[in-house]
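Enquirer: Line by line, the protein sequences give chains C and L.
If you want our numbering, it's the 1-based position in the first sequence plus 66.
If you want our numbering, it's the 1-based position in the second sequence plus 656.
In case anyone wonders, no lab produced these hints; they're calculated from the structure.
If you're wondering where the values come from, they're calculated on a predicted model, not measured in any experiment.
Check each hint, because a few of them may be wrong.
[What the hints assert, rightly or not] Partial chain L-side listing against chain C, Cβ under 10 Å, derived:
{"hint": "1", "residue": "668"}
{"hint": "2", "residue": "743"}
{"hint": "3", "residue": "887"}
{"hint": "4", "residue": "1148"}
Heads up, the beta-carbon is just placed ideally off N, CA and C, and yes, glycines get one too.
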Amino acid sequence: MPLLLADDYYLIAHDDVSGTARCGEGRAGLGLAGALLGELVLFGSIDIERRNIVILDAPSPGDALARALLEELLRNSDVTSVPDWLQYLSQKAQSQVVQRLLHAGHLRPTEVRRLLQTRTIYVPTDMNVAAWVAARLANALSKNEQLPVPDVVLSGLVVATELELEVFQHVASEVARPLRRQLTGLPPALRALLSETEAAVGDAVLRHRR
Amino acid sequence: MFNTNAAGGDTKVTSALAANRLGVPAVTYFAISMCTPFTVLAGVTTTGYAVTGQIGIPIGFLAMGVVLAVFCVGYVTMAPYVPNAGAFNAYIAKGLGRPAGVAASWLALASYNAMQIGVYGALGDAAQPLLRAWFGIDVAWWVISLVGWAIVAVLGTQHIDLNGKILAVLMIAECLVILVYAVSFLLHPAGGTVSLETLAPQHLFEPGVGALFCLAVLGFVGFETAVVFSEEAKVPGRTVPVATYLSLGVTTLLYVLGSWAMSVSTGPGRITEQAGTHGSELVFRLAGDQLGVMMVGIGRFLYVTSVLACLIAFHNAAARYAFAMGRERLLPSFFGQTSSRNSSPRGGSILQSVLGFVAIICFGVAGLHPLRDVFFIWTSAGAMGILLLIVLTSFAIVLFFARTLTPESAWKRTIAPVLAAASTLVAFVLVLANFDVTLGVPPNSTLHWAIPGGYLVLLLVGLLWGFRLRGRKPRVYANIGLGAKSVTRTGLGLGRPEDQDDTTEFAPISRY
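Given the sequences, and given the hints that come with them, work out the whole structure.
Expert: Right under this line is the structure:
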C-alpha cells in the first residue's frame, strides 16, 4: 500500500539509514506542513482559492491525522491564509507525522548519546521502503514517465524545499524539465500549495527566520 | 488517536501565530543593532572630521535624521503593499516599473557589498590597538581583517539568530558607553565652555555640506531593515512604524550627542586637526584622560565587537539581496539556494565572502591605510549608492500612492512622500557635488567622478537588462521585485491560477 504524502515526504527528507534530517528543521517542517495540507486537497476535503483555504463538503478523509487536521481547520475557520497555516503547522508537523509513521511501523525510535544528553531519533524500520520513495520518483522522471498526481506533488515539495540533489542525486539536472512540465499540469489548488510552500521557504531566509 | 493540539493543550491557531510575531522592542533592537552605533561614533565620526575637514558633522546627523524620518513615513506606509519589503529594489520595481527594479537590484548589491568591504578596514584599525594593549603584539591590519573575514564567513552561513541575543547585549553596552563617554566629554569641555558651534544650522549652508550628508547616511544605514518584519509584526500597521521611528530617533540622538560632545571636548576649532592626528584613537584618548584606563578598555573592546557586528549585519544584508535576486532569477539560481542546515542565504553569503577576501588581500598588498583608504572610501561609496536607492525609493513611493487608492491619510500618502522625495534628492545632489570633500581628494581626482559614474553605468545597464528581460524572458520579468514570492524553483509563480496561461487539464485527482 502506498504511503500518504506526508509520510513519503518525511522518508524522503530524512536519511534512509541513519534517520537524520537531510535539511534544516525549519525547511523540513514547511515541507511536511505543505504535505499535510496536500493530503487534504488530495482527499478532496479542501480547496485553495486566492491564497486561502476553502473547506469543501466531502466525505471524511480515511486517515486519522488528516481527519484531525481537517477538524482543526474547521475549528479555526477565522484563519484561512495558506501562509499562516504553513507557518503554524510547520512547528508541529514533524512530531505528528512521526507518530503516524511509528504507528504504521515504518519508523522505530533509537536513543543516541550526544555530548551531554541522549536524544531520540527515528530510524526507518526498512531502509528499502525509505529509499524506494526517492528511487521511484527519480526513476520515473528520468524515463520521462507521467507520475501519479500524489507523486507529482511530492516531487514538487522536494523542489520547493530544495532537496533535489539529495533525492534525485545524479539525475537532478536531467529530471528538472520533465518535472516542471508535470508540475504545471497539476490542478490549481495543488500548484498553489506548492507555490506557497516554496515562497514560505524563501521568506524564512529573507525574514531571518529559522 | 491524533490530538493535533498535543503540544500546548487547547492552543488556538491565532494565538499560536501571535506568539511567534514580533513586538516593538524586538524590531527596534534589530534595527539599532544593524546601525552599530559605536562603529559610527568611533570610526565614521572621527574619520569624517579628519578627512572632510568639516566641523558641522553633528548638525549633519540631525538634519539627515529628520529627512530620513520623513522618508520613513511613506516607506513604512507602503511596506504592506510591497511583496519583498525590506529591499529597496522591491519598492522601486513596484513604483517606478520593473526595469528600474532590476537597475536598483544591481545598485543595492553593489552598494551593500562596497559597505561590507570597507568595514573590513575598520576592523583592522579597531583591533590593532587592542591587541597591542592586551598582548603587546603588532599585527598588520589586513591580517586582523582576514581573521574577522573568516569569522563572518562562517557565521554568514549559520543563522543570524544564533547570535541575536549576544548582538542585543553588545548593542545595549555600546549605547551605554556612548552615553558615558558623551557625558564625560561634555563635563570636560576645552577651554572650560560648552560650545554649541558644531550644532549651528549655518553649517548646512556652507560649501561641502554634501560631505556631512554622506557621512550621516553612512551612519544611519540599517534603519531600513525593520520593515522586513511587516508581515509578522504583532500589531500590523503599528509595530513596524513605531520601531522604525524609535530606532531612527535613538540613533540620531546617539550620533548627534556623541559627535557634538567629542567636538566640545577638543574644542570645535581643533576637532578636525585632532581627528587627523589620532584617527579613531581620538575617542579613546579623550576618554582615557577623563575616565581612566578601565573605560578605555571597555570602549576599545566594544569598538571591535561593534565593527564585527556591523560586518555580520552588512554581510547578511548583501547576502539577502543576492538571495532575493537569485529567487527572481536576476542572478543564477545558485544564489537563490538556502544553506542545507538552516535558513541562511548560502549563495549570496559565499559571493560576499569571496569579494571580501579578494578585496582584503588586494588592499593589504597595495599597502593602503585601513581607516582612510579602505574604510572611508569604500563605505562612502556604499553610502552614496544607498542614498541613491533612498532617492529612487522615495520617488517610487510618491508614484505608487498617486496611482493606487489606499485608506491611509493624505500626510502618509502624499505630503510626507513628496517632502521626502524633494529633500532626499537635494541631499543626493549635494553629496554628488561635494563627493571630493567627502573622500578628502582634490576636485579633479578620478575617484570624485569614477564612483558616481560607476553607479550611473550600473543603473543604465540594469535598466537595459530589465527591458531586454521584458521581451526575451517574460516569466523572469514578471517576477522582478517579488523576492521569495517569485516562486521560480517549481516555476509555478504565486499569482492566481487564472494568471497562468499554461494550464493544461489533467486526469482528476486520484482520491486516496
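Enquirer: Give a verdict on every hint.
Expert: Against the structure, the hints:
Evaluation of the residue 668(L) hint against chain C yields a held restraint, the C-beta minimum of about 6 Å falling below 10 Å. A hinted interface residue such as residue 743(L) counts as satisfied when its beta carbon comes closer than 10 Å to some beta carbon of chain C; here the least separation is about 8 Å, so the hint holds. Because the smallest distance between the Cβ of residue 887(L) and any Cβ of chain C comes to about 8 Å, under 10 Å, the interface hint for this residue holds. Checking residue 1148(L) against chain C by beta carbon gives a least distance of about 4 Å; that is within 10 Å, so the hint holds.
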